[in-house]
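Novice: As a plain string of letters, each chain reads:
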Amino acid sequence: MGGSVSISALIVGTALLGIFALASLSLNNSAITASEVLEENPGEPEMRLINASEANGTIHLNITNSGDEPISFDKTWFSIDGSSPIRASDYHTQTTVLFAGETQHIQLTGTGFTSPTRLFVASMGGQSGVSFS
Amino acid sequence: MADGGASELIMLISGLLVAGIVTTLLIASWGGLATTVETAQTQVEANSKTKAALAGDPMQVSWNQTSCNLTLQIQNTGNLELTTDNLGVIVNGTGSTITQTQLLDNSSVWVSGEVAELYVCPTGITMTAGQEIIVTVVVQSEPYQGISGQHSFSEVIRLV
Numbered sequence: 001m002g003g004s005v006s007i008s009a010l011i012v013g014t015a016l017l018g019i020f021a022l023a024s025l026s027l028n029n030s031a032i033t034a035s036e037v038l039e040e041n042p043g044e045p046e047m048r049l050i051n052a053s054e055a056n057g058t059i060h061l062n063i064t065n066s067g068d069e070p071i072s073f074d075k076t077w078f079s080i081d082g083s084s085p086i087r088a089s090d091y092h093t094q095t096t097v098l099f100a101g102e103t104q105h106i107q108l109t110g111t112g113f114t115s116p117t118r119l120f121v122a123s124m125g126g127q128s129g130v131s132f133s
Numbered sequence: 001m002a003d004g005g006a007s008e009l010i011m012l013i014s015g016l017l018v019a020g021i022v023t024t025l026l027i028a029s030w031g032g033l034a035t036t037v038e039t040a041q042t043q044v045e046a047n048s049k050t051k052a053a054l055a056g057d058p059m060q061v062s063w064n065q066t067s068c069n070l071t072l073q074i075q076n077t078g079n080l081e082l083t084t085d086n087l088g089v090i091v092n093g094t095g096s097t098i099t100q101t102q103l104l105d106n107s108s109v110w111v112s113g114e115v116a117e118l119y120v121c122p123t124g125i126t127m128t129a130g131q132e133i134i135v136t137v138v139v140q141s142e143p144y145q146g147i148s149g150q151h152s153f154s155e156v157i158r159l160v
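Chain order of the listed sequences is A and B. Numbering-wise, this note's numbering puts 72 at position 72 of the first sequence, and it's gapless, one number per residue. Numbering-wise, this note's numbering puts 27 at position 27 of the second sequence, and it's gapless, one number per residue.
List time: in silico SDA-like cross-link candidates among lysine to any residue, alpha-carbon distance up to 25 Å: (1) LYS49(B) x ALA31(A); (2) LYS49(B) x ASP68(A); (3) LYS49(B) x GLN145(B); (4) LYS49(B) x GLU38(B).
If you're looking for bench data, these hints aren't it; they were derived computationally from the structure.
Generate the whole structure from the sequences, applying the supplied hints.
Specialist: Laid out in structure tokens, this is it:
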């Protein structure tokens, strides 16, 4: 009698320990997933349009990356006077990336805008705007 | 003695059976729980990979009352491809109809970094140029491990 109860208790105890181990593994997996998610979301880029001007149909602008992640011009879009955004890399091919802390002078030729008043830039959630001078 | 041995054997077998049943039940319960947790975890992961933001100038958003057309440009700022079939726009708390959606720059899929232009008709509201309104955009990703992620954002825009 006593022996059978002990063996039964041993089996049930082992099963409970196994379930606890599985729960611990699942918790560990959740923690790993959470950390991966955090790593994949570094935050929005921080950029600032310093100034913009237009001469003979060419738009000149200075832009600085004030964040700590590189900004790809392939994912950067300019909007002039509220128009549909144009991809920066379609008009600026000298460089492909704006590095952290870097300021670049960019020329946009062939946009079709003459005497624009406002320039806006957006890239992966980061935004900046400036009036033409 | 023999009777005692037989009864002990019966008790042992009974105990083993009960333990087996309990173990099976516990493992089955755990299996269901693990599946639920995994699904929730995948949903959180899909949501965290689904992001979007306004790509157009929020200070100069085109609005035409006559043709009922508000033009918005939305960039995919997440990691997953977004679908243009399941989009939602709320203008000043009013549900709107998206009359047309097109990807800019000849893109064929709405992957990370690409911009979609939406033509929106807010139902039954009157707005004027210079007015500042709140738009809420809801986007959905293509399925990730069988689950679609959702994301929404709100922004103040000025109409022109």
